[in-house]
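Asker: Place chain B on chain A using the hints.
Protein chains in written order, with the numbering used here: chain A, 1 to 108; chain B, 109 to 368.
If you're looking for bench data, these hints aren't it; they were derived computationally from the structure. Computed from a predicted model, the values in this text were never measured in an experiment. Be aware that a few hints might be false.
[As the list claims (entries may be wrong)] So, partial list: chain B residues that the calculated Cβ filter (under 8 Å) puts toward chain A:
1. G122
2. I167
3. S186
4. I190
5. A191
6. M202
7. T205
8. S277
9. L281
10. L284
11. A306
12. T325
[Unchecked claim] These stretches of chain A come out as covered by chain B in the derived footprint (C-beta under 8 Å, 3 or more residues):
13. 14-26
14. 34-46
15. 59-71
16. 74-82
17. 94-104
Even glycine gets a Cβ: it sits at the ideal position worked out from N, Cα and C.
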Amino acid sequence: MSDALAAILTGAAVTYGWRWLGTTLAGRLRSDSAFMRWCGCVAHGLLAALIARMVVLPVGPLEGTPLAARLGGVAVALVVFFALGRNILLAVMAGAGALVGWVWLGWP
Amino acid sequence: MTAEGEAAGYGSRGAALAAGARAAVGAPAVVLAASYVGFGALVRSVDWSLGMGMLSTGIAFALPGQIVALEMAHTGASLLLIATAVALTNFRLMPMTLVLMGRLRDPEAPRWWPYVLAHLIAVTSWLVALQKAPRLPVRERTPFVFGFGVTIWLVTLCATAAGFVLHDSVPALVSLGLVFLTPLYFFLMMVADLRQRARVLAMASGAAIGPPLHLLTPEWGLVLSGVAAGSIAFGLDRLIDARAARRADRAPDGEDPGDV
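Pulled out of the complex, with its shape left as it was, chain A reads as follows (with noise of 0.2 Å):
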């Protein structure tokens, strides 16, 4: 079995197995509990660690790109993103938008 076949399968359990779970206690346990907001505050600072690594750190085709132009392309799509009435798909392809002209420019 590859390691891409293992992790998608393992991923895939474990992220059914929550499903699963709220299911199966669905009315029977309360979601604003201690526990239950840790592991909220756990899970969003996963993934900002995840997003920040992809930006600062990235692996794969990034990683040729200036860190200036990856966090210019934030930047760029921060502002669209609350310029426009918080508009997502015009904020991300802004910034990804960003990138590419800041790379191909040449920039730094």
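Answerer: Relative to chain A, chain B alone:
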């Protein structure tokens, strides 16, 4: 039957299913398609096959965990670590499903039905289901959510394939942009959701300690960052609450403690 049972619906389960599917075609599908195009391009960029990408989208159907599994497998992490990181990333699905299923309960449906429906619960379908389902008659709720979820699911499968193919057929420069869609999408989804102080704290500390911890230990970095950032945020949030409570105790004569 509750009073909600009398709510005006679409008339039949079939009509509710079709209405759910129609509701998915539009803004939710477009935004999700864009992010899964990014995932498809990412799959191609780490040399996974198209089948692997489609399989991941089809059976996991929760983008953050899919990215975590892909990135960690690519950096050579063990299966146990991948399972831990995906479990932490996708934990949110548990309380989400728990809250939603409590409101979708249909006494006429077979026992296995909610477990099928559960697979289609992801952030987008959850938000729509929570908003729409309580306004429908009980027997039309799960068909509506199923119609919505299956449509979204099919869209993400197509988008994954499209991103994979696009990555190679557009100039290398443009495929950089496609791969960059994923972190941008997650970042903005988090920003859009920053209404609670604890989450803001968790996001800030996660972003601050994520990269250095990754340099320190590429395998454990993500899991450690999540637990550390989450605990810091949780602790700080409680500390701030406790302080506010103490301050409120000391100023009982109606002073606004937030103004001090």
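Asker: Could you run down the list of hints and mark each one as holding or not?
Answerer: Outcome of the hint check:
no.: 1; hint: G122; in the structure: violated (24 Å)
no.: 2; hint: I167; in the structure: holds (4 Å)
no.: 3; hint: S186; in the structure: violated (10 Å)
no.: 4; hint: I190; in the structure: holds (5 Å)
no.: 5; hint: A191; in the structure: holds (5 Å)
no.: 6; hint: M202; in the structure: holds (4 Å)
no.: 7; hint: T205; in the structure: holds (3 Å)
no.: 8; hint: S277; in the structure: violated (15 Å)
no.: 9; hint: L281; in the structure: holds (6 Å)
no.: 10; hint: L284; in the structure: holds (6 Å)
no.: 11; hint: A306; in the structure: holds (5 Å)
no.: 12; hint: T325; in the structure: violated (12 Å)
no.: 13; hint: 14-26; in the structure: holds (count 12)
no.: 14; hint: 34-46; in the structure: holds (count 11)
no.: 15; hint: 59-71; in the structure: holds (count 6)
no.: 16; hint: 74-82; in the structure: holds (count 4)
no.: 17; hint: 94-104; in the structure: holds (count 7)
Consistency with the previously given hints fails for numbers 1, 3, 8 and 12, ordered from lowest to highest.
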